[in-house]
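Make the full structure from the sequences, and use the hints.
Protein chains in written order, with this note's numbering: chain A, 37 to 393; chain B, 37 to 393; chain C, 42 to 364; chain D, 42 to 364.
Keep in mind that a hint or two might mislead.
Stated by the list, open to error - Simulated crosslink set (DSSO-like; lysine-lysine; CA at most 27 Å straight-line):
| no. | chain 1 | residue 1 | chain 2 | residue 2 |
| --- | --- | --- | --- | --- |
| 1 | A | Lys-346 | A | Lys-261 |
| 2 | D | Lys-338 | D | Lys-52 |
| 3 | C | Lys-305 | B | Lys-75 |
| 4 | D | Lys-305 | A | Lys-75 |
| 5 | D | Lys-305 | D | Lys-52 |
| 6 | C | Lys-338 | C | Lys-52 |
To be verified - Derived Cβ-Cβ restraints for the label pairs, each shown as a range:
| no. | chain 1 | residue 1 | chain 2 | residue 2 | range |
| --- | --- | --- | --- | --- | --- |
| 7 | A | Ala-319 | B | Ala-366 | 22 to 30 Å |
| 8 | D | Ala-300 | A | Pro-280 | 32 to 40 Å |
| 9 | B | Val-373 | C | Pro-299 | 48 to 56 Å |
| 10 | D | Arg-268 | B | Gly-89 | 19 to 27 Å |
| 11 | A | Asp-347 | D | Asp-292 | 32 to 40 Å |
| 12 | B | Val-373 | A | Leu-226 | 53 to 61 Å |
| 13 | B | Pro-381 | D | Arg-268 | 58 to 66 Å |
| 14 | C | Ala-356 | A | Cys-390 | 56 to 64 Å |
| 15 | C | Gly-177 | A | Lys-242 | 55 to 63 Å |
Claimed, not checked - Non-contacting residues of chain D with respect to chain A, defined by C-beta distances greater than 10 Å in every case (computed):
| no. | residue |
| --- | --- |
| 16 | Arg-71 |
| 17 | Gly-151 |
| 18 | Leu-175 |
| 19 | Gly-189 |
| 20 | Gln-334 |
| 21 | Gln-355 |
Just so you know, the hints here were simulated from the structure itself, not pulled from any lab data.
In this text the structure is predicted, and so the values were computed from the model without any measurement.
Where a beta carbon is used, it is the ideal one built from N, C-alpha and C, also for glycine.
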Amino acid sequence: MLETTRQITQAEAIREALEQAMDEDERVILIGEGVPDPKGVFGTTSGLQERFGTARVFDMPLAENGMTGICIGAAISGLRPVMVHQRIDFTLLCMDQLINNAAKWRYMFAGQVNVPLVIRVIVGRGWGQGPQHAQSLQALFAHVPGLKVVMPSSGYDAKGMLLAAIRDDNPVIFIEHRWLHGITDEVPTLPYTVALNKAMLRRPGKDATVVAFSFMVIETLLVAKALVDLGIDLEVIDARAVRPLDMTTIIESVQRTGVLIVADTAWKTGGIAGEVVAAVAEAAFNSLRQPPLRIALPDLPAPTSHHLSKDYYPDALHLARAIVSHLNVAVADIELVNRLHRSTPHDVPQREFCGPF
Amino acid sequence: MLETTRQITQAEAIREALEQAMDEDERVILIGEGVPDPKGVFGTTSGLQERFGTARVFDMPLAENGMTGICIGAAISGLRPVMVHQRIDFTLLCMDQLINNAAKWRYMFAGQVNVPLVIRVIVGRGWGQGPQHAQSLQALFAHVPGLKVVMPSSGYDAKGMLLAAIRDDNPVIFIEHRWLHGITDEVPTLPYTVALNKAMLRRPGKDATVVAFSFMVIETLLVAKALVDLGIDLEVIDARAVRPLDMTTIIESVQRTGVLIVADTAWKTGGIAGEVVAAVAEAAFNSLRQPPLRIALPDLPAPTSHHLSKDYYPDALHLARAIVSHLNVAVADIELVNRLHRSTPHDVPQREFCGPF
Amino acid sequence: MNKALSTSRIKSLYRVMLRIRRVEESIAERYAAQEMRCPVHLSIGQEAIAAGVCAALTQQDGVFSGHRAHAHYLAKGGDLTAMLAEIYGKAEGCCKGIGGSMHMIDLAAGFLGAVPIVGATVPLAVGAAWAARLRGENKVITVFLGDGTFEEGVVYESINFAVLHRLPVLFVCENNLYACYTRLSTRQPERPIHGVAAACGCNVMLADGNDALAVYDVASRAVADLRSGNQPVFLECATYRWREHCGPNNDDDLGYRPAAEVAKWQAFCPINQLATLLNARPEGQDFITHSEQEISKEINDAFTAALAGSIPQQADLPGYLYA
Amino acid sequence: MNKALSTSRIKSLYRVMLRIRRVEESIAERYAAQEMRCPVHLSIGQEAIAAGVCAALTQQDGVFSGHRAHAHYLAKGGDLTAMLAEIYGKAEGCCKGIGGSMHMIDLAAGFLGAVPIVGATVPLAVGAAWAARLRGENKVITVFLGDGTFEEGVVYESINFAVLHRLPVLFVCENNLYACYTRLSTRQPERPIHGVAAACGCNVMLADGNDALAVYDVASRAVADLRSGNQPVFLECATYRWREHCGPNNDDDLGYRPAAEVAKWQAFCPINQLATLLNARPEGQDFITHSEQEISKEINDAFTAALAGSIPQQADLPGYLYA
Ligand SMILES: Cc1ncc(C[n+]2csc(CCOP(=O)(O)OP(=O)(O)O)c2C)c(N)n1
Ligand SMILES: Cc1ncc(C[n+]2csc(CCOP(=O)(O)OP(=O)(O)O)c2C)c(N)n1
Ligand SMILES: [Mg+2]
Ligand SMILES: [Mg+2]
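Given below as structure tokens:
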């Protein structure tokens, strides 16, 4: 079935998932600011209005709360809307509809109505995305019963989880990262799904478990590759699911390695990394050989200047230093620098990126 | 200075703090749905419009996001607004202004402008408060850099922290609990402040540290009192501050007792209890003699029926059972029942409460 | 309107209103027993709008409402026993006890949902209308909202989208002059609510909200318009709440409403108005007496059934959260 | 308007607009060097509104704006070097590098803040006006918003409160027909934006947004009205954005705007219109030449200074978070 695969970007994988979902189920509709415009939400919606028509692929007024409510109303009335926000920051305008209504509608009415709704949101970063355009708000959604929340990192998962989210009968917050859109991955041409509640072991290792979210998976895999030469063997888990967290996979890994490190794209305090640590501490305390460690953003809004964002986002080198120090292994810093210093500009996803957004 | 004290309810303590704050600083204004109405937000604002006039004590249209922005605009222009929401659930409508603007305005503009704003929000519970009127959303605010968040439990702290919040030059989310409003406490007549970033040791003990938030402090103190006869000596910390958490006080306690239990009013997953556990696990891992424990709401929206809310909210008896089992002490359940069974209806704050809200 | 039709219309509207009134009064009476352990927002005085609008709808048409939903639920054909059981927190309630008075649903009757966050259902109604359009269903979706609710930005956003796409939505604004204890003039400037809706592109209609026949006539016109594809209708009805905002009692001792105002509105009782008309017709008095009896029995039976309902189980809750 | 006054007014408006245009063009030219590492939303084509409105304000009056703020910041007297330094991410920037192009502030000039969440500053302007009223300051607060921004519920909520309390707010809606690539007709029904504002109780005024003199005249009337305690003014100006929504280039190759529409609007260049008037007056041509030279030098100096600015320090960031 899935034999035919090819290298495509994550943006293309997302676009393909949308196209296939709309193909297989005419109840699926797609709506969001800029969805049918020439930029097609970073290419993830390009051509879909041409293919499926203006009744199913929609632009919308700038009215996040109202439009979310409208999508919920459509979802409880037999459609399966996929709504897109170019920045997750804009969802702060629709927390009411997402948390008070979407998350609770089925429960409030004792299971009589489902809310098959997907909210695609993009986390911004770099090139001046600044305080109001670069938040990573997964923790706000992860706290809310009734929502499902996912953050795939690979193109393969992005396609499979988006298809799963659209087929799911619950509201799913599907969190993309702007810096993942351009990364290519081997992606099957046919439709397939990836579970919304399963983490994935990306790299086995014996010295420590690193649970990483979204773009931090990319950085963590770089670190793991570099550290192995230096005698440190990291196990890397791509969390993928944020609500529910796949604690089974995480705890099994910690039971093997005895060490838990969590790398998140969000602010540290009150973030989802803390939930992972707490859940492991409760359920696998005796497996932990040493204190757990969270690597996340400082508790500050994102600064815009590239001079300031440089040290704001922990990159592979930051991560490696933190891990080496935490594991208390003697490694000369120059070894880390040689292996992990980022030669491309730190504030763009790909070398060819030159703004404006 | 503070010699004269008397027993007043927490609602009265809050009202007194508002009155004294408005007395001492004419820039303080008070706004919210129902602020000047005959019920005066559960009595916490009664008589203030008569005393300070309609220019400083305001009702408002039903427009949470807009009105929050208006208060922010006033705060950056020389006023010190105190805004009240009868239910914290309504703040989901103004997350945009609170998180995108209030929390970031000073930072975004590199410290050139302060936002002296207090948002009073009330957590509902019982008597049919249900899914959209009984959420305990402190974790959503606690994740956001730029906000301060407090949850006093005593009348003394409620008055002192509200005065401190109003005098503070930052946005403060002041979270009240409907079930605390009617509890009386010894409160000084004169104005005084209580720090916004300090937990308080409510009861020293040697067997385990219980960090409790808001109304859970009341329940935890009941448990501690009951368990001491049974040979279990709990140390009870009233967290009071949610952002920042006072980790120093908490960690010192855990270093003494070796056991951490957290009792929160909110959903367990992704809640602030997890942050406490994670921060202790990171910083005081070696002090922990056994796994930490979170006692919180199940990951479900609040049900309305009193039959269903009975087991939804962990009360003192639930708490005691969980703690005894966690500490692995042999205590006959009947001992707990005899001491902690609640004879008053489980869904009202005071015996005389008879609805409708 | 021919006379025969009109008499049967008067009778049916009268009966729907009387039933709502008696249900609400019964709730109020029994509230003190402390077995309905949830806030209740009664519709006494406002029955004509629910009755008139719902009479213009078919069972397939959908209705949404908010915190003050009993009248709308009943007028649309919602099950009375399930409503009372819900208020009593029983497993037989329309939300199996999860919702209480502020959450109502009866899908079979086309009552699509009511929740207490002010404004929360307004965009849902627009979304339901949008879905109906895309699915080729010839449905009209109605949402009841208060004068206070009209202040929420989400209502404005919802109207904009509904007008933009000419969706079959009937916005019914019950302007009872107050939101809780706060008078309209403290919340909105002196300009008509319907003026804003008109400027947003709605087809605006007005009706005396205490005259069920007038409401029915206007709503029928609105529904016909919507079925023929015209733009959304915003129907504003002036009315008045008799009891306290929330709870079973009168609260006019609190002095937030001028006594003369209360008296004036109570004189326009929507039920008495139709009773007067009925009394002038043959057998009108009989119909009234008969209705009172039937309704009284129905309500007593419904309370008995609701009270005899079973206790919902905590263990069932997790199953409702996710599909 | 007497002729002398008018000439000096034309000159000053012309100069403000020319300065904005040349600054924006310089940003666009230098953007490719990849040293301005943030999104930029240029105001080229829309200068007349910023110039005309701000000319009607005093330094004490406050202004708020959104993502497309350069013109408003400059017209209100914001410091050019601090703006460029901000775009370059330098410590001397008006937000010390924290904000970039989408965050602008110059308190000394009464430019109270611009941030990129659409609609975010609209209620702030109302709150600032409210504070001014309570503090007895005779200030007018202006907020610039786009046609797209008008769709946000928060704008409606803000207008309601401003009208309710007759606050001295001037809402300036720059209707450039698009939000990003999306045409107005895809987002709003066919009814005027100002009609909604009028129905909400605003005093509505209109001006040709490419005619700085007309904008100035109307804005002056608005400001005088507001100072005398009249209700809030909603001023809608039709205009057009020449460059791409975000970034330094033209994007008309994308085909989202009809070529004839672009051409038509570019023919109404706000700067050329005043140049024509100036050319007809004695020394007008000299004034233009002179202005170009002065502005060119000022801009070059400002770029040089901004580029020579220092690198902001990460260690300073935590100090900005809390007072
Ligand atoms: C978002 C939100 N804000 C505030 C409230 C509290 N509240 C409940 S009902 C109500 C008044 C609503 O007034 P209106 O829409 O006129 O309806 P009425 O009660 O008059 O029927 C308010 C403020 C709420 N439930 N939701
Ligand atoms: C709340 C929010 N939603 C969406 C966006 C993305 N966005 C940025 S500018 C813009 C268009 C704004 O249009 P308009 O108000 O007409 O201003 P213009 O760009 O035409 O000057 C949009 C949708 C945003 N920044 N904030
Ligand atoms: Mg009302
Ligand atoms: Mg525009």
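Examine each Cβ of chain A, and state whether all of them lie more than 10 Å from the Cβ of Gly-151(D). Per Cβ check, Gly-151(D) is outside 10 Å of chain A; nearest 22 Å; holds.
Taking only the CA atoms, is the gap from Lys-305(D) to Lys-75(A) under or equal to 27 Å? Within the cut-off at roughly 25 Å; holds.
Beta-carbon spacing of Arg-268(D) to Gly-89(B) - inside the hinted bounds 19 to 27 Å or not: For Arg-268(D) and Gly-89(B) the Cβ distance comes to about 24 Å; the hint holds.
A cut-off of 10 Å on Cβ-Cβ distance, and Gln-334(D) was said to be off the interface with chain A. Does that hold? Holds, because the least Cβ-Cβ distance between Gln-334(D) and chain A comes to about 30 Å, which exceeds 10 Å.
Given a hinted range of 22 to 30 Å, is it respected by the beta-carbon distance of Ala-319(A) and Ala-366(B)? Given a distance of about 24 Å, which is inside 22 to 30 Å, the answer is holds.
Verify the proposed pairing of Lys-305(C) with Lys-75(B), using a straight-line Cα cut of 27 Å. holds (25 Å)
Nearest-CB test (10 Å) between chain A and Gln-355(D): Violated, because the least Cβ-Cβ distance between Gln-355(D) and chain A comes to about 5 Å, which does not exceed 10 Å.
Given the hint that Lys-346(A) pairs with Lys-261(A), test it: the Cα-Cα distance must not exceed 27 Å. Satisfied, since the Cα-Cα distance of roughly 22 Å is no more than 27 Å.
Within 32 to 40 Å: is that where the Cβ-Cβ distance between Ala-300(D) and Pro-280(A) falls? violated (52 Å)
Hint check for Leu-226(A) and Val-373(B) - Cβ pair distance inside 53 to 61 Å: holds (60 Å)
For Arg-71(D), which was marked as not at the interface, is the minimum beta-carbon distance to chain A over 10 Å? Consistent with the label, Arg-71(D) stays out of reach of chain A, its closest Cβ about 12 Å off (over 10 Å).
Is it true that Ala-356(C) and Cys-390(A) lie within 56 to 64 Å of each other by Cβ? holds (58 Å)
The structure fails to meet hints 8, 19, 21 from the earlier list, while all remaining hints are met.
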